[in-house]
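Chemist: The residues making up each chain are set out below.
There are 4 protein chains.
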Amino acid sequence: MKIDRKKTYRFNNKVDYCVGTGRMGLALTKEYYDQLRIVQEEIGFKHIRGHGLFHEDMGIYEERKLFGKKSFCYNFTYLDRVIDSYLELGIEPFLELGFMPKALASGDQTIFYWKGNTTPPKSYEKWAKLIEATLTHLCDRYGRDRVVTWPVEVWNEPNLPGFWKGADMEEYFKLYKVSHEAVKRADARFKVGGPAVCGIKDEFWIRSFLEFCRKEKLKPDFVTRHHYTTEEPEWKGHFTYQFLSDPDSGFANLQTSRDAIDSFKEFKGLPIHITEFNTSYMPTNPIHDTNENAAYMAHQLSHLGDMNESYSYWTFGDVFEEHGIPHTQFYGGFGLVAAGGVRKPTFWTFAFFKRLEELGDRCIYKDEESVIVEDEKTGEIRGIVWNRGKKPIKKSFTFPAGESKALVVVRQTVDPKTTNPLKVWHDLGEPAAPSAEQLEIIKASDRPFVKTDVLHARNGEVTLTANVLGYGVEYFNIKPRTFTPDKGYNYSRVVAGFAR
Amino acid sequence: MKIDRKKTYRFNNKVDYCVGTGRMGLALTKEYYDQLRIVQEEIGFKHIRGHGLFHEDMGIYEERKLFGKKSFCYNFTYLDRVIDSYLELGIEPFLELGFMPKALASGDQTIFYWKGNTTPPKSYEKWAKLIEATLTHLCDRYGRDRVVTWPVEVWNEPNLPGFWKGADMEEYFKLYKVSHEAVKRADARFKVGGPAVCGIKDEFWIRSFLEFCRKEKLKPDFVTRHHYTTEEPEWKGHFTYQFLSDPDSGFANLQTSRDAIDSFKEFKGLPIHITEFNTSYMPTNPIHDTNENAAYMAHQLSHLGDMNESYSYWTFGDVFEEHGIPHTQFYGGFGLVAAGGVRKPTFWTFAFFKRLEELGDRCIYKDEESVIVEDEKTGEIRGIVWNRGKKPIKKSFTFPAGESKALVVVRQTVDPKTTNPLKVWHDLGEPAAPSAEQLEIIKASDRPFVKTDVLHARNGEVTLTANVLGYGVEYFNIKPRTFTPDKGYNYSRVVAGFAR
Amino acid sequence: MKIDRKKTYRFNNKVDYCVGTGRMGLALTKEYYDQLRIVQEEIGFKHIRGHGLFHEDMGIYEERKLFGKKSFCYNFTYLDRVIDSYLELGIEPFLELGFMPKALASGDQTIFYWKGNTTPPKSYEKWAKLIEATLTHLCDRYGRDRVVTWPVEVWNEPNLPGFWKGADMEEYFKLYKVSHEAVKRADARFKVGGPAVCGIKDEFWIRSFLEFCRKEKLKPDFVTRHHYTTEEPEWKGHFTYQFLSDPDSGFANLQTSRDAIDSFKEFKGLPIHITEFNTSYMPTNPIHDTNENAAYMAHQLSHLGDMNESYSYWTFGDVFEEHGIPHTQFYGGFGLVAAGGVRKPTFWTFAFFKRLEELGDRCIYKDEESVIVEDEKTGEIRGIVWNRGKKPIKKSFTFPAGESKALVVVRQTVDPKTTNPLKVWHDLGEPAAPSAEQLEIIKASDRPFVKTDVLHARNGEVTLTANVLGYGVEYFNIKPRTFTPDKGYNYSRVVAGFAR
Amino acid sequence: MKIDRKKTYRFNNKVDYCVGTGRMGLALTKEYYDQLRIVQEEIGFKHIRGHGLFHEDMGIYEERKLFGKKSFCYNFTYLDRVIDSYLELGIEPFLELGFMPKALASGDQTIFYWKGNTTPPKSYEKWAKLIEATLTHLCDRYGRDRVVTWPVEVWNEPNLPGFWKGADMEEYFKLYKVSHEAVKRADARFKVGGPAVCGIKDEFWIRSFLEFCRKEKLKPDFVTRHHYTTEEPEWKGHFTYQFLSDPDSGFANLQTSRDAIDSFKEFKGLPIHITEFNTSYMPTNPIHDTNENAAYMAHQLSHLGDMNESYSYWTFGDVFEEHGIPHTQFYGGFGLVAAGGVRKPTFWTFAFFKRLEELGDRCIYKDEESVIVEDEKTGEIRGIVWNRGKKPIKKSFTFPAGESKALVVVRQTVDPKTTNPLKVWHDLGEPAAPSAEQLEIIKASDRPFVKTDVLHARNGEVTLTANVLGYGVEYFNIKPRTFTPDKGYNYSRVVAGFAR
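For the protein sequence lines, the chains are F, G, D and R, in the order given.
Letter by letter, the first sequence follows residues 1 to 500 of this note's numbering.
Letter by letter, the second sequence follows residues 1 to 500 of this note's numbering.
Letter by letter, the third sequence follows residues 1 to 500 of this note's numbering.
Letter by letter, the fourth sequence follows residues 1 to 500 of this note's numbering.
Source of the hints: derived by calculation from the structure; they are not laboratory data.
Computed from a predicted structure; not experimentally measured.
A hint or two may mislead.
[To be verified] In silico lysine-lysine, DSS-like type, Cα no more than 27 Å apart, as pairs:
(1) F:70 - R:487
(2) F:236 - D:70
(3) D:115 - F:69
(4) D:126 - G:487
(5) R:391 - D:417
(6) R:487 - F:65
(7) R:30 - G:46
(8) R:129 - G:102
(9) F:443 - G:487
(10) G:102 - R:102
(11) G:236 - R:69
(12) G:354 - G:366
(13) D:30 - F:69
(14) G:354 - F:443
(15) D:115 - F:70
(16) R:14 - G:236
(17) D:115 - F:65
(18) G:70 - D:487
(19) F:46 - D:30
(20) D:236 - R:30
(21) R:129 - R:165
(22) R:391 - G:30
(23) R:65 - G:102
(24) D:417 - R:405
[To be verified] Computed far set for chain R versus chain G, every beta-carbon distance over 12 Å:
(25) 79
(26) 266
(27) 355
(28) 461
Note that CB positions come from ideal geometry on N, CA and C, so glycine has one too.
Can you build the whole structure from these sequences, using the hints too?
Modeler: Listed below in structure tokens is the structure:
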């Protein structure tokens, strides 16, 4: 491949805008904090989004009998603790309003092992007050100017009956309106959106939602939806297996949302936030722990910004209870990080795309297996090559070397041979809770293999060749090489060896 | 190779008994502390030995004019600070008495960039008092029962004229006697020895030393000598290049010391401590930074315990000034660790031998390229294979598997492809002081490559094959594998992939 | 007071044997871990005991429908995580068997905000298996020899109907027998006991329990009970106020347990573990946050060892949910430590008694306001003086000085003027969740005031005078003073000042 | 004192602009780093200035025989290490050019125990190249835009014969000119100045220096001088005692520098940097360790900004060797921090003035014993009261309370009773090197005593009364109090006690 540095490609890299999380109550745990710290140190997401803000274990809406008397208050003890820890780790919430506090619920339908109540409020007025009180409290504690930049999404996947009683669209629109208005009362600067749909009839829901907004003269600040790319599940014991679907059909489906929105004059160009995406939507699908997932995700990350404002990987870590408490070190959880702080291969896909983002948005090459950006000022180049198939691929890129006689390339490789903690764990016997010693071995395998090379310019060009194993992802950066040897140092002689 | 677990081999592994260091005054620096911390965390030596206890920069012997008046005192401020930091890091001194405080010196001959005075004391009485006061102070501050276990060596390499004026043997014996007696006066339980010879006429010196002791009715607790294995130096700019000498000639030379001692009835069996050893004795020889050195050292470590009580690698780190302040990140320094905490390949040779030692002293195989130990109780096996040559080697070991159907092997490989920070630094342009970003890349290459495998038993046996690259060192451990898969988890299906 | 160092007093100091905790599921949280770390760093308890081992949020007993099929397993993921963190912090469990997993419960009676099920098992066989499986798992993971030293208590406060359906004594005895036998099946070396009674009819329950054991030929390894010392509660909003009861009536009640046990020939001398004690048994009584509580506890700690093997303060920290999620920084919680790691006055009472314990068990003085121990070998003396009243007290102790001309006394004072984070928080306006800046101010007030003095011997004696404010606790230690001034240093001149 | 918040006072608070240090080579030590870290965490100086940039132990100017051949290079290994650690700690150099590298020196006159060479260069050309090379290296490594903001001072105290051979003024001017021009060649943006005079004939030197500059058409960017305020020394053993001089005579002397400069049309208004100040200029005067020094310094800090751009306390820490290696924990060293990280009383004077600076520069009250600033926007008030005498003083301030009914005052007191590590160390017997246990006791006394109060407004005013012990310094801040009690919480009832 000959790279012409003057030509640029469309590449809207929003890899670090947002990441998903298990329910907010889990953010109180130490394991969650430790996993998120690892993610933030290396990747550094800006926002975090998940369910359960108003769930029982957060205890915000407190209505009960106390010493024989009725007692009511908002209790923000745990919310403050969670938000404190988020800010400590340099991440801010993308708030999802839900699910329903038991005392305010109109029914007892729940979802998940942790029993999130998915029924409408029995009093929309109290629901509105709850939203307003919560946002106002956050503004008071964390500074209004800061808090109003935290996006707010109304509910989750109301188009699925499990998440919203009867998948009742009219009821959701009512909820949306009340919520939207409550948020704006707290501060008109808040950005608020919906309908957070997933899969079934998504296009219909989005169109209907926008029609409702038009009718009600509501102006949502953004539209939200989800994006998963696997087929029907098959269940075995505690686990789920699914085949990957064709990425293109997924992108086509995403395009329907874009088109639907743009068909409304008032809403044309409204940003879409994909508030959840992953390969499988099942928290017990072993694919999440594999190199295959890492390579698949690289492809996704090179595309998703084309029509969406952001895309939030579901989820940063393996502290997760929707299908119950995990039984074992690797359980097919969504996380970029597994128990004990083990970084899965997909972790690195995100880390690598983050490094591209840090260099800037000038994309000088992109195809279905690679993306390359450069910093025009320093001449630094960063790129990623991935291989979604099983067999090795080889890609060569020829760049103009500018005035440099030699360039240094640093490669970081994540493939089944170099970075495969799942295999190590399997070899160790698949221990449910590895011993400290076993964990250390697993972690020795959770980082990229690093390799440097000198590329010498010929005719003002250098060529970089990447041989990428099946399911591999390779990151590289290239910089001019300044050679400053010390007096008398002769590396060739050193390489030649010291034996007679 | 068929391993008969019942047969054992001679292997006296004392890898962690002692390590060398740049002069004591350097132990006050932060870089020294940080490098030693890294060494102690992974290897954990018991003792540390180097020069300069009584050198000016330690300030112990303080005789001067102060505000116009004569002033004398012992000043232990810096000694305490150094010993505090040693104990903090879990290491204790192997004390070397020397060099001569300027105010006590009979001449002005010095050695090294840092000008250690290498002349006899002008007053042997004051020298004796200095020793006694220093040891007594240490006993007071750190506990007598502890301090008396710190070995004491009298001076360094008096057989070389640079280290001891005129290499004057008689004068050294006088120094030895006075020192020996002073040490024993401080506490008779102290172990004291000499003559710390290196190279030239070593056998003659040792014999003469013991004859002197016999005559004077002195009973040294041990004999000390050094051991380097390179040929004549060639100088280029700031650097020195030397060829490696044949290890066997070195071992033969070591045997002469053993034989010399054992020829004295009174001293037969007296322990020998090799208080310095390395390939090259030059602190500017690039070999120290190479994989070749790591492989050569593995061979040494498999042999040195055969006739010696201990052997102290010269030195743990690259904070060193004998030939001046280093100019660059890698400068051919002796250290196991380089500036910025970079672990050189040889670091891992020591770490691997330490792991053998931790398993115990039952050696079930040893040849010139490998050594293997086992824990009879648990059945765990640990081994090291090294390759001193340039071409790959292949070694196979067949073990009885006991009752296990499968074993797990964890391999850690250190070779020019996996663990070669010197090459990375070279590729980056040999920067004198790498930037933080460059250092991170170098450090990404300073650790072993880890790989696990399952060995399935056939006919009650398993076979481990090690393919070791030129200059490579491979550590492995083998344990029975307990396989505890969770319900429904099927690793084969995961490996097969999720694409249709 | 003249202290005769040869006379000794009964003082069985078991201050660090055990401490209480909120339910085990809370041990997964970061705030819990951080608070426990603070406690362990300064006090260092050996064991930790609380409720909820088998509660839903630990998820151990997992019986459910999964993907439409019945599924059963024991899930030790969270148990391992909790025990890992305990061992990391140097504390080991004192296991309490309870409450009932929902799927195994015979009824739906629950206790507390967190709904611990307090009904008998619907299958005693499954209950026994659960115990055996859990203990066996712990032995496998943490080492059998270690785990069998963790005491096991059967249930909590079955004599209160809220904790055990109907306070049904016969049913409890059945539970005890089944549990006792299950524990011993896991390993006969386990120590097991009951009946963990509190308050109502405690003597009757203990006698009946032992009669049952005699009849059934069960040999409990110890007897357990609780000990609280406040009167009837008065409720206001979220808080409870109670008067302190007379300590002597409490001690008299404790004696009834001792006497009851000793009246059985088979059980005479059986150890009593007080597995919970505090002033108030309400987790919303502000007394727990006060200096008054600290002084009261000092008195308790000087007595409780007289007839009991141990006494476990309820609880180490303020992460606690029995009456709901706390609303505010100080909420009258049981903890030695409050939110954000603030050490309450009572924390220091325990820290001070721990220091006495570390010096040894030779008590040379004890009265209702003080206790003093000495180390016969070094001559070091440590003591505590406390003041349960509101007005200052003054206590003087005259000691033989031995051969010392001067002694150094180091005092650490905890009283309403020196160490009163509750007052600071109040002055700051009682913020529910203090800002980082406010928390820093509160924490500046959570440690003792330290003061040194030199006691010069007169006629071979020294006198120490302690002026203790109301609700104050003062710790002191006394050691011989070695005076080693440097040449020319004149402290009197320094104190005289440098102004002309 | 009635405070009128509308009136303001002159108070140019530059407390954190710069701090002094022992010679640069000591910055390699761990103890130095640890002490500086403590200083930076609490105070946070912007620049650091000391001697020894070109001293032997930094090794920058390397001219020698190497393996028998002449060898020359600049060696920046240690300089980079020092600057790296400074930047790590958030502090940047104020460069002092000096002393003379031995190989470049024209004579062998040295100063201090560490033998800084104080003779002119034997080649001014090489000296200029050395400066240019050093600054250029710093620009390359740390970024030119950053490095040019580091001020550069030419030599130290050339008006004293010990610091500059013969106090030869003409020679110094030559040095200045050559250096000034070399600095500007490296980058014209650098700010450079001199003549760094101290004491003797300072006014004459400054005038002559400026006349020289005028003549040579040099434009220094600033003028530097020193400022010490003690009388003649008296020596005893290792120590020096001096009386404090009258502060006003010191201020008058400072004014002469200001006047001298302003008498030159070209240089009028040129900034003065006091690049060293303290009470005593002797590193062995016990006053530096006292509360008296802290109170005296508070007074200085309230004045020094009146006519000077900055003032650099000599020195931040006790790692210092000018008069030899310290013998003991407290030795009268200049440091704000003593060995082992003990914060001396004067440390807090600086910390308190830093807090005033952080609030802004609006001074609403200032006299010889106090200074008060406020933030007009938030209404927060911060003040310091000090007492340079031996007897207690009492100061009352009455403020308008604004709309607040109550204000919270947080006081931090540093006086001989609350914060006196020197006394604690004395009581412990003046141990040369305290044990870890002794150090912990000393450190328990190295922080302010913190106390809060509520000030209730009467007639729209509140009154704050400070009772300050002799040599005491009290910092306070005052903020509006928001009272948010939880339901049912009654602090009065808690204070009343729980006993019947």
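Chemist: Determine for every hint whether it applies to the structure shown.
Modeler: For each hint, the structure was consulted:
Between the alpha carbons of residue 70 of chain F and residue 487 of chain R the distance comes to roughly 13 Å, so the proposed pair stays at or under 27 Å and holds. Using a Cα cut-off of 27 Å, the hinted pair residue 236 of chain F and residue 70 of chain D holds, with the two alpha carbons roughly 12 Å apart. Of the supplied pair hints, the one linking residue 115 of chain D and residue 69 of chain F holds, its CA atoms being roughly 19 Å apart against a limit of 27 Å. Distance restraint check for residue 126 of chain D and residue 487 of chain G: the Cα-Cα separation of roughly 21 Å lies within the 27 Å cut-off, and the hinted pair is therefore satisfied.
Distance hint between residue 391 of chain R and residue 417 of chain D is fulfilled; the C-alpha atoms sit about 23 Å from each other, no more than 27 Å. Annotation: proposed proximity of residue 487 of chain R to residue 65 of chain F holds, straight-line Cα distance about 14 Å (limit 27 Å). Among the hinted pairs, residue 30 of chain R with residue 46 of chain G is consistent with the structure: their alpha-carbon atoms are about 22 Å apart, no more than 27 Å. At most 27 Å may separate the alpha-carbon atoms for a hinted pair to count; residue 129 of chain R and residue 102 of chain G exceed this at roughly 35 Å.
At most 27 Å may separate the alpha-carbon atoms for a hinted pair to count; residue 443 of chain F and residue 487 of chain G meet this at roughly 24 Å. The hinted pair formed by residue 102 of chain G and residue 102 of chain R meets the criterion: a straight-line CA distance of about 20 Å does not exceed 27 Å. For the given pair, residue 236 of chain G sits about 10 Å from residue 69 of chain R by alpha-carbon distance, which is consistent with the 27 Å threshold. Proximity of residue 354 of chain G to residue 366 of chain G is assessed by CA-CA distance (about 16 Å); at most 27 Å being required, the pair is judged to hold.
For the given pair, residue 30 of chain D sits about 33 Å from residue 69 of chain F by alpha-carbon distance, which is inconsistent with the 27 Å threshold. For the suggested pair residue 354 of chain G and residue 443 of chain F, the alpha carbons sit about 21 Å apart, so the restraint of at most 27 Å is met. Distance restraint check for residue 115 of chain D and residue 70 of chain F: the Cα-Cα separation of roughly 19 Å lies within the 27 Å cut-off, and the hinted pair is therefore satisfied. Between the alpha carbons of residue 14 of chain R and residue 236 of chain G the distance comes to roughly 52 Å, so the proposed pair goes past 27 Å and is violated.
The straight-line distance between the Cα atoms of residue 115 of chain D and residue 65 of chain F is roughly 14 Å, inside the 27 Å bound, and the hint therefore holds. For the proposed pair residue 70 of chain G and residue 487 of chain D, the alpha carbon gap of about 13 Å is at most 27 Å, so the pair holds. Between residue 46 of chain F and residue 30 of chain D the alpha-carbon distance is near 22 Å, which keeps this suggested pair within the 27 Å criterion. Among the hinted pairs, residue 236 of chain D with residue 30 of chain R is inconsistent with the structure: their alpha-carbon atoms are about 56 Å apart, more than 27 Å.
Restraint check for residue 129 of chain R and residue 165 of chain R: the C-alpha separation of about 22 Å stays at or below 27 Å, so the hint holds. For the hint pairing residue 391 of chain R with residue 30 of chain G, the CA-to-CA distance comes to about 44 Å; that exceeds 27 Å, so the pair is violated. A threshold of 27 Å between alpha carbons decides the hint, and for residue 65 of chain R with residue 102 of chain G the separation of about 23 Å falls inside it, so the pair holds. Restraint check for residue 417 of chain D and residue 405 of chain R: satisfied, since their Cα atoms lie roughly 25 Å apart, inside the 27 Å limit.
A Cβ of chain G approaches the Cβ of residue 79 of chain R within 12 Å, the least distance being about 9 Å, so the stated non-interface status is violated. No Cβ of chain G approaches the Cβ of residue 266 of chain R within 12 Å, the least distance being about 41 Å, so the stated non-interface status holds. Separation of residue 355 of chain R from chain G is adequate, the least Cβ-Cβ distance of about 29 Å exceeding the 12 Å criterion. The non-interface label for residue 461 of chain R is consistent with chain G: the shortest C-beta to C-beta separation is roughly 53 Å, beyond 12 Å.
Comparing the model with each numbered hint stated earlier shows that hints 8, 13, 16, 20, 22 and 25 do not hold.
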